[in-house]
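Asks: Given next are the chains, with one letter for each unit.
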Amino acid sequence: AQTVTQSQPEMSVQEAETVTLSCTYDTSENNYYLFWYKQPPSRQMILVIRQEAYKQQNATENRFSVNFQKAAKSFSLKISDSQLGDTAMYFCASSPPLIQGAQKLVFGQGTRLTINP
Amino acid sequence: DAGVTQSPTHLIKTRGQQVTLRCSPKSGHDTVSWYQQALGQGPQFIFQYYEEEERQRGNFPDRFSGHQFPNYSSELNVNALLLGDSALYLCASSGGQGVGGYTFGSGTRLTVV
Numbered sequence: 001a002q003t004v005t006q007s008q009p010e011m012s013v014q015e016a017e018t019v020t021l022s023c024t025y026d027t028s029e030n031n032y033y034l035f036w037y038k039q040p041p042s043r044q045m046i047l048v049i050r051q052e053a054y055k056q057q058n059a060t061e062n063r064f065s066v067n068f069q070k071a072a073k074s075f076s077l078k079i080s081d082s083q084l085g086d087t088a089m090y091f092c093a094s095s096p097p098l099i100q101g102a103q104k105l106v107f108g109q110g111t112r113l114t115i116n117p
Numbered sequence: 001d002a003g004v005t006q007s008p009t010h011l012i013k014t015r016g017q018q019v020t021l022r023c024s025p026k027s028g029h030d031t032v033s034w035y036q037q038a039l040g041q042g043p044q045f046i047f048q049y050y051e052e053e054e055r056q057r058g059n060f061p062d063r064f065s066g067h068q069f070p071n072y073s074s075e076l077n078v079n080a081l082l083l084g085d086s087a088l089y090l091c092a093s094s095g096g097q098g099v100g101g102y103t104f105g106s107g108t109r110l111t112v113v
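If you read the protein sequences in the order shown, they are chains A and B. Residue 111 in the numbering used here sits at position 111 of the first sequence, with consecutive numbering throughout. Residue 63 in the numbering used here sits at position 63 of the second sequence, with consecutive numbering throughout.
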């Protein structure tokens, strides 16, 4: 069974600073997918970034990047030049490889990130 | 292009009652998954529907059941409600071989009193 652990319940930084959110996971699968989702007060889960485990290169999406350490089973999210709109709950999630359509997501407990003006 | 639509947005039920939550997937998506998110927790997978059949199920009792219709919309039914069923219920749709192509709705907040 897959498990995902986020050890930082809350984080707070000043606007424009860089912040890193931590995530570790455990899986017996050889190939899998990792995700970071953002959940603002509107409650909708929004995909921030995703990483395929078989790809060595770390994924990047504009100000968001990940540090994927497969051997250590670590998947941290770095937010550069943080903005007030980045304030939200952030969830790390994993998913086994796709067979037909999408598979289930296993989520961590979340990190509440606050960006202060 | 409409995203995932869930109804109702909020619901209050009494312990022992039954509830039905509804989800319309994003246009072009044929797979619907349901998640339960307790307050302050990450979402937990309930089950997934594809081609009108339950394809995967998480660790939830049989009180939780679902259905998918020919137009891909879905319902989540919970019988004999318990206080512990109070949570945000999220629907996520996906389609084809889209990796990480989950689109979530804004959820239904269920309160059991």
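It is possible that part of the hints are untrue.
[As the list claims (entries may be wrong)] Stretch-level coverage of chain B by chain A, calculated; a stretch enters the list once three of its residues show a Cβ under 8 Å from a Cβ in chain A:
id : stretch
1  : 43–50
2  : 68–80
[Said to hold, decoys possible] Sample of chain A residues at the chain B side, in silico, Cβ under 7 Å:
id : residue
3  : V19
4  : P41
5  : F68
6  : A72
7  : F107
[To be verified] Quick list of the computed label-pair ranges, beta carbon to beta carbon:
id : chain 1 : residue 1 : chain 2 : residue 2 : range
8  : A       : T18       : B       : Q18       : 16 to 26 Å
9  : B       : E52       : A       : Q69       : 34 to 44 Å
10 : A       : A71       : B       : Q18       : 46 to 56 Å
11 : B       : H67       : A       : E61       : 13 to 23 Å
12 : B       : E51       : A       : A16       : 41 to 51 Å
13 : A       : Q69       : B       : L82       : 14 to 24 Å
14 : B       : A80       : A       : R63       : 41 to 51 Å
15 : B       : I12       : A       : R112      : 24 to 34 Å
16 : B       : N71       : A       : Q8        : 22 to 32 Å
17 : A       : N31       : B       : L82       : 13 to 23 Å
By construction, these hints were calculated from the structure, which means they are not laboratory data. Glycine included, each C-beta is placed from N, C-alpha and C at the ideal position.
Asks: For each hint, tell me whether it holds in the structure or not.
Replies: Against the structure, the hints come out as follows:
no.: 1; hint: 43–50; in the structure: holds (count 5)
no.: 2; hint: 68–80; in the structure: violated (count 0)
no.: 3; hint: V19; in the structure: violated (19 Å)
no.: 4; hint: P41; in the structure: violated (10 Å)
no.: 5; hint: F68; in the structure: violated (14 Å)
no.: 6; hint: A72; in the structure: violated (21 Å)
no.: 7; hint: F107; in the structure: holds (3 Å)
no.: 8; hint: T18/A x Q18/B: 16 to 26 Å; in the structure: violated (49 Å)
no.: 9; hint: E52/B x Q69/A: 34 to 44 Å; in the structure: holds (41 Å)
no.: 10; hint: A71/A x Q18/B: 46 to 56 Å; in the structure: holds (48 Å)
no.: 11; hint: H67/B x E61/A: 13 to 23 Å; in the structure: violated (36 Å)
no.: 12; hint: E51/B x A16/A: 41 to 51 Å; in the structure: holds (48 Å)
no.: 13; hint: Q69/A x L82/B: 14 to 24 Å; in the structure: violated (41 Å)
no.: 14; hint: A80/B x R63/A: 41 to 51 Å; in the structure: holds (47 Å)
no.: 15; hint: I12/B x R112/A: 24 to 34 Å; in the structure: holds (26 Å)
no.: 16; hint: N71/B x Q8/A: 22 to 32 Å; in the structure: violated (42 Å)
no.: 17; hint: N31/A x L82/B: 13 to 23 Å; in the structure: violated (38 Å)
Comparing the model with each earlier hint shows violations of hints 2, 3, 4, 5, 6, 8, 11, 13, 16, 17; every other hint is respected.
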